Structures are given as structure tokens and as C-alpha cells.
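J.: Since the structure of chain A is provided, determine the placement of chain B on it from the hints.
Protein chains: 2
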Amino acid sequence: MRTERFPESPELPKLGKAEFAAEEIALREQLLLRQRELRAAGARSLLVIVSGVESAGKSEVVNRLNEWLDARGVRTVAFWDESDEERERPRAWRFWRELPPRGSIGIFFGSWYTQPIVERVFRRSSREEFDGELAEIASLERLLAADGTVLVKLWFHLGEKAQERRLERLARHGARALTPWEKRFRSRYRRFVRISTQALDATDASHAPWHVIDAADRRRRDLAVGKILLAALERAVQPQEREPQMAPLAARSAAPARSPILAAVDLSSTREGAELRERLRAARAALDRLSWKAREQRRSTVVVFEGWDAAGKGGAIRRVSSAIDARLCRVIPIAAPTDEERAQHYLWRFWRHVPRAGYVTIFDRSWYGRVLVERVEGLATEAEWARAFDELAHFERELARGGIIVQKFWLHVSADEQLRRFEGRASSAVKQYKIGPEDWRNRARWADYELALQDIFTHTSIPEAPWEIVPANDKRGARVHVLETLVRRLTEAL
Amino acid sequence: MRTERFPESPELPKLGKAEFAAEEIALREQLLLRQRELRAAGARSLLVIVSGVESAGKSEVVNRLNEWLDARGVRTVAFWDESDEERERPRAWRFWRELPPRGSIGIFFGSWYTQPIVERVFRRSSREEFDGELAEIASLERLLAADGTVLVKLWFHLGEKAQERRLERLARHGARALTPWEKRFRSRYRRFVRISTQALDATDASHAPWHVIDAADRRRRDLAVGKILLAALERAVQPQEREPQMAPLAARSAAPARSPILAAVDLSSTREGAELRERLRAARAALDRLSWKAREQRRSTVVVFEGWDAAGKGGAIRRVSSAIDARLCRVIPIAAPTDEERAQHYLWRFWRHVPRAGYVTIFDRSWYGRVLVERVEGLATEAEWARAFDELAHFERELARGGIIVQKFWLHVSADEQLRRFEGRASSAVKQYKIGPEDWRNRARWADYELALQDIFTHTSIPEAPWEIVPANDKRGARVHVLETLVRRLTEAL
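Those protein sequences? They're chains A and B, same order as listed.
In terms of numbering that gives the first Met the number 0, the first sequence opens at residue 0 and continues consecutively.
In terms of numbering that gives the first Met the number 0, the second sequence opens at residue 0 and continues consecutively.
Not one of these hints is a red herring.
Treat identical chains as interchangeable: a pair holds within one or across any two.
Derived BS3-like pairs (lysine-lysine); straight-line CA-CA distance at most 27 angstroms:
| hint | residue 1 | residue 2 |
| --- | --- | --- |
| 1 | K433 | K474 |
| 2 | K430 | K226 |
| 3 | K16 | K474 |
| 4 | K430 | K16 |
I should point out that these hints are in silico values taken from the structure, not numbers from a laboratory.
Note that the coordinates shown come from a computational prediction; the quantities given were computed from them, not determined experimentally.
Isolated chain A, as found in the complex:
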């Protein structure tokens, strides 16, 4: 057992009430001041993770923080009883839905550490699985920190003897019954500390450091927390050095850039109408059947549609969604984010649409906007879009780990075909609304998009969430291609 992380504390004399009160007043003033600055800036959020051994007084600490801080900017969330809505989604979902928006403080009582540690302590997960969980936690914290969230990770420690003394005192005075956790962990103290050490070691990073707090003396403990929080708030309100706004991406050479992957797509073939009709019918029937089977098996499906403007996303989505019972399928169109969404990490607004077990969710455009339009138009800095490839892969891996089948489509048309469709839309009374100045502007950036796409296909084609590039000059052929790909994918997965 490594002991350097949790040294047995020297026996300090208890901190007196008067000493505590004197420090508390100054601390509280500072905390309130900084909290106000955090809110006024509205740029960053603070996330306090409260964890540690049982009986260390975590609940008391949280109450103290709620007393010290202005309740209007603090949200305390206890993660203890998982609801079925949470159980039926990837583990990370319940945490994402409670993340504090910019300008505010979130206190997580229990966190993404709890379940992995508990499962490992009780040997319900292997060391490899545990390490895998910790690696995903590290990814998650990295992406939150990169987005400006200040992470305050508190670990409350109590030596074995001190814990035992506290439990005995509790039992003797009968102030309250031992919680089920206290009973279960009492006999597993050493294993719990060993596993926790592994967790802390694997996730201690400069952007998300652990603070181990000796919980033996209540007043010292609370003051320590207050000071750590204050230091974090001071960091959070410092003006951020943000990279300058980027110039839009420009293709690197004067010659139109091509994506070798897209260049290899054969756009010429068209098929017989009668054959296509029969295949379309068969694939739709199969999809209907498979979606019910997926529901029985409690497996969800997430389908992403990206593609050139006028490539036929809408038509393809309609062919998919209308083949599935309306009760099982939901289409999420991605437009401009709302202000609640803007106040969170850019992945937050996709997390909120992750379906419960057994449903199909279709995204009409998606999280790839980060590395497509935002990159091309210079809305994301180079650092932001460059790290996004990892972040998107992390997100999709989390979905897959939650049992969700992920399939991504890129609907590909040639520039000539797009032009033909634009002109057709402009001259049709019914379709006019489908074409606007933005489409023409995007078209002028075709080469930049090809560059961005080449990176996307190279970096985000993971087995858990493959890309299917659909030749879509032939609209009906493209729809059949989409449907048959989905049918194949679901057949393999179910």
C-alpha cells in the first residue's frame, strides 16, 4: 500500500472555535467577492468534486459550502440513487446533465469516481476495466478543463483508526444509524484506500489536481476546503488568455484542394429504378423489424447525417425515420445553440439528446460542426478544433460503452451536381426556402471543406463509430445505400 498520498496526519491540537471564527469571516468575504466576479465574467465555471472515505463528514462540508457561498450561483448535486433514465444511458450522461453553466459553481457530491472505485473494491470489475474507466475520466476532465472549467477535486481522508473511532462513537451515541456505505466499507478500509490511490494517481493532472484533506479535525478540514476553493476561484476569475480569433481556414495551395478519400468515391453509377424500389422497400421493412428488436434488447442507435449542402440529407433522413415506428425514433436537427447550450461545453447540447435504452436518434448535422463549419469559418481557434478530434472520439466511445450503436454518414455529391441542385431550388417556388446566401458561401469554400473532411475521416473513423461515405449524385441510390448500411450495422450489432 502506497502511503505517501494519504500520510497519517500528525496529531495536531484541535482548532478552537474562536480561531476558526476569526479565519472564517475573512475567508467568507473573499469567497463571496470572487464568486460575484465569476458570475459577472460569465466565462468559466467551477466544479467541486467531493469524495473520500466514509464518515469523513463530506455532507457537513457540503452544507458548510452552501452556507458560505451565495446560493444563487451554486448548484449541489448528489449522485447516489441512479434513476432508470440514468441507468439506461451511458454513465457519463448523468454528470453531463448537471454540469454547472459558465459563471456558476457546481458541487458534485459523489462523482464519476464513485462507481468505478466501488466496483473495483468489490471486485465487480477487473483491473483492466478499472484502468479503462480512469482513462475515460481523465479524457473527460481534460476536455472540461480545456473549455475553461476549473476542477476542484477534494478527497477527504481519515486514517483507519480515526474512522473506526468515529464509527464507534456514532454507534455508541446513537446520534444516527450507520449508513449502508459505512457498514459495507468498514471491513474493507485497506482495499478501499489502495484502489482509491490508484484512481487518484491515474487522474492527478495539473489541470485537474487532487487535494487530499485530512478530515480528523472538522474545523481544520472546513478551513482547508475554503482556502482551496478560494484559490481556485481566484484562478477562475483571472482574465483568460484566449487565442486571437482565427482567420478562416484557407486551402493550402492555390489549386483546389482535394480529399484523397473523397476523390476515390465513385459518383457515376446509377441504378435501375425498379431494382432500387424493391431494395428500398426491403431495407425499410428490415429496419422496422430491427428497430423493434433493438428496443427489446434495450439497445439504442445514434445516426449522424452530415453532407454537402443539397446532398439530400433531409430526404435520406425521412426515408429512415418514416421506416421506424414514430414512437421509437427521434430526429434532432442541429441549428444555432440556445443560450443555455452556449453556457456549456460544446458537447453538452449533444449529450442532452442521448436517448434512453431502446430508441433511435437521428442527428441532422452534429458535433462534427466543430471541425467543419467552425473550423472553416474560423469560429473555433486552431487549438480548439485540433483537440476536438480527441474530444469527439471520447464522446463516441462513451456512447458505444453505454451500449449505443453509432453510425455516421457523409452524403457526398460532386460540385457540379450541387450547382445543378442549387439552381433547381432557386427556380422552384416550393423549394426556394431551401437555398440561401449561406449555401453559396459554403460552396465557395468547397476546397476548405475538403481539407477539413480529409482530417475528419482520418482521425474519427473509429470501429465503435464508423463513417460511411455515401455517393449521392444519384438521390435514390443514396437512400438505398443509407438504409442498407443501417440494416447491416444493426443486424451485426443485435
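T.: Quick look at chain B alone, frame taken from chain A:
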């Protein structure tokens, strides 16, 4: 059995494919056009409720609508499997969380009618309970319609023989198994129709009319739905006659208006410090115990704090929230609504914070803003705030029917005491942030607020959600008063 609502349809010849296609094209163009106008205006929403007898093809209709409409403005929600998060809240919660925002269309597959009808059909509720449910549904629809939601209530009807024929055909061809609902309702056709007739009669209103659609012929059925929807969309995009912006409320006479109820409050008494400290301690301990008991009994509590500026809401809330385990208590400060909230009925943003069973939620300001600041400042029209008294009572009754204990506090100080506190705040470095121009402006409108308050206490003091007016010139006395009231309320309720 009343038959006029569901007449047996004359045997019309089936509508041909070509006839259908001809009508469909024109209809679809119109639907898309109007849908776009609806979105562009962003003022009203459309809610389609799909209900009716089993095997009438409701799922087919919903798929057809999804095919006809632009998916980017439609959200289809099937209410079939209630999650535990839904079961643990008032019934209306699951519907509120899925209401379409302004500018969009919601399709509810199953609705607030389903459960009351099913329970009554299977005699799990009495006629009185059923009538009570229907009355609350009528309230709900009235308040949605008043807010600009266009309600399209579709009831798909199939005669007993037609249903039987369809079920037999299904069984014979084995295209799919009968759903559990089809099996259960098959033998109860007549009772189902009788109960449904009662439901339709009780909730048929000019602002929320029922459309009974004969589902015998699929194509006629779908065209009928399309036409009803189109007519509703046309109504929804007509320019609304909104009342002119109101002038701020002004007290009716030159003499400062007084609320007789507030005038009767004795603000003079103050208590001994030692006695108060002991009572505070005892009440906090009792509250801690009661909140655990409430959690065991799965009862939630909603506490509303309203009061004059500087009356000590923050301090009182802190004394309450810190007495309860942080895992059980949440404080919701009500500030300006977000844009997602503004796109919904004003009660929506309170519904989203309704707790799961067993928790305490404290609202720091509340839905009474509608009949306080919004009325006084002229932000709500007279029609809006006048009908709000009913709407607020409906909301609180729904909470109470869901098993939630509701307690409302008004913290009352005299105008002189408020002035003293304002001046104290202005001269204190730590408290300066608590006072701003808005507070002085509100103070100047004291008489208007008294008028509004008199109406509030008169109209919204319902047994399910009583007001407690707390004399708060003496801060510590007020805190004890709040705590002891809560303790009494919880003791009675648990």
C-alpha cells in the same frame, strides 16, 4: 351510450391511390409553407394530440405527419413507458417537459388523456376522480391556449365491427403480433368508447376542440388529418391581436395603498436572544429529522420564499437549507429566464425544477413574479396577470396532487425597516453588492406592491399551498418563525 360523438360512418368507397396523391401534393406544399411561417414568426407553437381507439393506425398517421412536415421543426414524443423520474413527479411533469417551444410543432402520441381514461376503463378510479382529472386537463389546456399554443386534438375512431375486422386480419396474416393494448381493449370496446365520450365532452372547448376522425379508410383518414393540421397552422400564423403593453400598475388613490392583510401583521415584537437560539437549534434538528423521514416516505417538499427586498430571504433560506442534508435539498434562485425558458409558457421554467420524490426544493422567488413584478412593472398585460391567479392555483394543485408538500412564505418588513437596511447595505463593503438601483425603484412602488400582494393573499391561499406571512423586522425571530412553520407543516403531512 351517446352515439352522436362517434357516429358509425357511412360506407364510403375507398379513396383511390391517384386521388390521394393529387390531394397530397397540394396539401404538403401548404403544410410546409405554413410551418415555415410558424417558425419565422416564433410566436406560437402547435401541439398535436394523437389519441383514439386501438388499431386505428395512430402510428401510421404520426409517420405520415413526419413525412409531410419539415423534421427540423417537429418533435414527436411517445408517452408510453413512464420512467421512474416521471413516476416520482406530478403526472403533468412529463408533458410539460416535452412541450414544443414557440415556432415549432409537437406531436404527442399518447397524452394527458391516456392514463385517466385507462384507469377509469379498468375501474381503478372512481367517476369523481375521473371528473377531477378532466377538470385539471381542461385547466391545463386553457392556460396553454391562452399562452398562444394552438391545440389540435385528434381522436381516431373505428366502429366496433371495423376494429374487430382489423384485429382478425392482423391475427390471420400474422403481419405483427397484437399489442398488449389491443388485447386488453378488445373485450372492452363499449366501455372504452363510453368513457372516452365523457372525456371528450368534458374537454371540448373552443380553444381546444376535439376532432373525431373516422379511421376506416387509411387514405381518407390521413387527408383529414392533413387538412385539420393545415387549418390549425393557418390560425397559428395569423397575426395575433395582443393587448397593448400595459402601463405600470399605479395604486388607485393618492394616499399610500395598504393591504389590510399586511396591515394586520404585528411587526413590533422581538424575542429574547437566548430563547430564540434554543428554538432555532431545536427547529433545525427537527427539520433534519423530518427531511429524512420525508425521503423515506418519498414525499417531496416545495418551499417558496417571497418578500420585500432586504427582508432577509437569503438568510432565512440558508438557515433552512443548511439544516437539511445537502443531498436532499436544492435551492433554485429565480432570475431572468433563459431563451429556452422564454420560448415556453411562463410556468415551464418552474416545472423543470419540480423535484423527484423525497427531496426538498426551495425557490428563492417564484412563479409569483407573474402577479408581482410583472404586474407592477406592466410586463404582463392585465389579461395575463388576471388569469394568472387561476394558473398559479392550478400549478400548485398539480404539485399537491403529486404528493408534494407546498409551503409559501412572504417575509414582511415595514418600509422604515427596509430603508434602514438599504442604508446599512450601501455603507457596508461586503454587502454593497446586495443593493442596486432596482431596489430603490421597487421601494418607490411600495403601494403598488401592497395592492398586488393583497390580491395574491386573497386569491392564492389554498389549503394545498398556504401562505405564511412572516413578521421580519426582527431577523432572528423571522428565521425561527420560518423554521417552526416548516416543521409544523411537515409534521402534519408526514
